[in-house]
Amino acid sequence: MITTTDLYKTYQMGNVAVHALNGVSVSIKEGEFVGISGASGSGKSTLLHMIGLLDHPTSGAISISGLDVLALSDQEKTIFRLERLGFVFQEYALVHELDAFENIALPMMARGETDDRISDRVSEMLASVGLQERGTHLPKELSGGEQQRVAIARALVNDPDILLADEPCANLDSTNSKAVLDLIREINQESNQTVLMISHEDWHQQYFDRVIRLKDGKVVEE
Amino acid sequence: MYAWIRVSLFLAWRAIRRGGKVGTLLNILIIAMVFTNMILLSAIMTGAVNLFHEQTVDYVTSDIIIKPAEDERTIFLTSDLLDKVNRVPGVSRASARYALGATLNHKGQSVSIPITAFNPRDEVEVTKIHQEIIEGDFLSPGDDGILLGFFVAGYEDQSMDFFESLGGVRVGDSVEVMYANGYQKEYRVKGLFSTKSYQADYMAFVSWEEMDTVLGRENTESTQILIRVISGEEPAVVKTRLLEFGVQERVETWEEAITKVVADSLETFAIINRISVAVSLIIAIVVIGIVFTIKTINQQRQIGVLKAIGIDQNAIIGSYVAQVLFIWIFGTILGMILLNLIMIYFTAHPLEFPDGDVVPAFELITMLENAGMLAVASAIAGYVPAWRIVRENTLTSMRG
Numbered sequence: 002m003i004t005t006t007d008l009y010k011t012y013q014m015g016n017v018a019v020h021a022l023n024g025v026s027v028s029i030k031e032g033e034f035v036g037i038s039g040a041s042g043s044g045k046s047t048l049l050h051m052i053g054l055l056d057h058p059t060s061g062a063i064s065i066s067g068l069d070v071l072a073l074s075d076q077e078k079t080i081f082r083l084e085r086l087g088f089v090f091q092e093y094a095l096v097h098e099l100d101a102f103e104n105i106a107l108p109m110m111a112r113g114e115t116d117d118r119i120s121d122r123v124s125e126m127l128a129s130v131g132l133q134e135r136g137t138h139l140p141k142e143l144s145g146g147e148q149q150r151v152a153i154a155r156a157l158v159n160d161p162d163i164l165l166a167d168e169p170c171a172n173l174d175s176t177n178s179k180a181v182l183d184l185i186r187e188i189n190q191e192s193n194q195t196v197l198m199i200s201h202e203d204w205h206q207q208y209f210d211r212v213i214r215l216k217d218g219k220v221v222e223e
Numbered sequence: 002m003y004a005w006i007r008v009s010l011f012l013a014w015r016a017i018r019r020g021g022k023v024g025t026l027l028n029i030l031i032i033a034m035v036f037t038n039m040i041l042l043s044a045i046m047t048g049a050v051n052l053f054h055e056q057t058v059d060y061v062t063s064d065i066i067i068k069p070a071e072d073e074r075t076i077f078l079t080s081d082l083l084d085k086v087n088r089v090p091g092v093s094r095a096s097a098r099y100a101l102g103a104t105l106n107h108k109g110q111s112v113s114i115p116i117t118a119f120n121p122r123d124e125v126e127v128t129k130i131h132q133e134i135i136e137g138d139f140l141s142p143g144d145d146g147i148l149l150g151f152f153v154a155g156y157e158d159q160s161m162d163f164f165e166s167l168g169g170v171r172v173g174d175s176v177e178v179m180y181a182n183g184y185q186k187e188y189r190v191k192g193l194f195s196t197k198s199y200q201a202d203y204m205a206f207v208s209w210e211e212m213d214t215v216l217g218r219e220n221t222e223s224t225q226i227l228i229r230v231i232s233g234e235e236p237a238v239v240k241t242r243l244l245e246f247g248v249q250e251r252v253e254t255w256e257e258a259i260t261k262v263v264a265d266s267l268e269t270f271a272i273i274n275r276i277s278v279a280v281s282l283i284i285a286i287v288v289i290g291i292v293f294t295i296k297t298i299n300q301q302r303q304i305g306v307l308k309a310i311g312i313d314q315n316a317i318i319g320s321y322v323a324q325v326l327f328i329w330i331f332g333t334i335l336g337m338i339l340l341n342l343i344m345i346y347f348t349a350h351p352l353e354f355p356d357g358d359v360v361p362a363f364e365l366i367t368m369l370e371n372a373g374m375l376a377v378a379s380a381i382a383g384y385v386p387a388w389r390i391v392r393e394n395t396l397t398s399m400r401g
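Protein chains in written order, with this note's numbering: chain G, 2 to 223; chain Y, 2 to 401.
Treat the hints as calculated values from the structure; they're not laboratory data. It is possible that part of the hints are untrue.
[Unchecked claim] Taking lysine-lysine and the DSBU-like style, the derived pairs with C-alpha atoms no more than 30 Å apart in a straight line are: (1) Y:Lys22 <-> Y:Lys108; (2) G:Lys179 <-> G:Lys216; (3) G:Lys141 <-> Y:Lys296; (4) G:Lys141 <-> Y:Lys129.
Please build the complete structure, drawing on both the sequences and the hints.
Structure (structure tokens):
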């Protein structure tokens, strides 16, 4: 499903070269729920951003479902992200001026879906994240946990092949974190959706099929 | 294509409805003020030009003017020509004028201007000078008095005069006139008129019969023939008919007869107006651009997230352009309301200019042109800041 080969990423910080990734090669199968962990600065977010086509490696290759995604143009990457990837970020990253329903609907609208289809699918997604009564609420009217569930629904509304989650529980208490992780696990099992999640909470690991551990930009455990 | 336009409009409308109200209202007000400014100066200038045109037609040239043929000083056989002209379809009435240079004197003050003779019965049908008598009476056929424009009569306090004057001549006063042919006569001022047209008000008139006396013969020549066309007829069409009826002299519509100096003045007005519009547009671009630059910088993270989840860059930029265009629509409507209120006020209280009362003239085509230019300026002001932020690396944007 996802293969990275010898990924290197070097940032130039003034005169200092920072090697965020030092030859990362990983392989993730379809339907796997994979955790990525490591200390701060270990390169886990960089790896997730590379796989999510938000950044370009200095060298190496990334293949998703056999497609060399690094060869795609910026426009093609945007379409790829819209149609095949779903993102959940630490800080929910919802559009403030859109209510929960509209935030979830946005990626479908961008795909040119009809209003009826959007309405049905978004209602379904709201129900699946337990927010069917909160659809008309703006992000500021929702709790952190509710906002993250909206973000998850938005990430999954286009039924992507891969869900990429960057510490989705970082700003949540343990109750809300558990609810979010349960939800992602449920989706992973029911839809056989591939999930990559960054986390450094030990108790999260019970949800993962396996964990890729990074240190200094290298895979130290897989 | 359709999808990203739909996303743009959707994001823009939600941002307008649920975003910061103060900023939006400020932008709407800016557009309304800029639009009002763009139109108002143009409307005042158009009103001034319209006034000048009306004055030219009503007091100076009428609708059409016939001038002597090239190389001739006068029009010969005027009576025959008048008969011919009055038979042309579309002509309401023609009036012949004969001008002779003269110097007018009154109590040591003198003015050198042509004295113009006309037949008062014809003249009242082609110009409106008779409606602007401020003192005394209009000339009657065979009259031996003189009719003076107000600028010729002038003020006793000559610092109030625009031109050299007779220093405050009034009806009943005597004015000594020395004609260019050497004939000299003392006239009693029969009437004073004030049209507020500097061209008309610096003229003096006598009756046709009086000019016969001055010339010492029955005058069959004229220096110009003014023609009033029937209401609803186009002067240019009637001019063509006059030529088709064999009028050999120079025939000009009032627009053609306006002198080059006047035409240059009108062009100067137009240039000033264009500069004013350009400055207004630059102000609009700069102010709205600053507001939207701040807005896009504040929303940089959100823009990054939208890019990350796969929203097309064009849709994101389009949402800001659409926001500006929504603001432009409301601002322009508000501007039009303001302009209508201004128009109502100035119709009741015209602007007083030395050459007449000017009512600003709001022309729909000018409003639409300016609204169109403002739309383009607004779109640029929305596009550039959004384009600059969207160009940023997605991750950089997401980090704010």
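Structure-based check of all given hints:
Distance restraint check for Lys22 (chain Y) and Lys108 (chain Y): the Cα-Cα separation of roughly 72 Å exceeds the 30 Å cut-off, and the hinted pair is therefore not satisfied. With a C-alpha separation of about 26 Å, the suggested pairing of Lys179 (chain G) with Lys216 (chain G) holds against the 30 Å cut-off. Taking the CA atoms of Lys141 (chain G) and Lys296 (chain Y), the gap is near 19 Å; set against the 30 Å cutoff, the hint holds. Straight-line distance between C-alpha atoms of Lys141 (chain G) and Lys129 (chain Y) comes to about 72 Å, which puts the hinted pair past the 30 Å bound.
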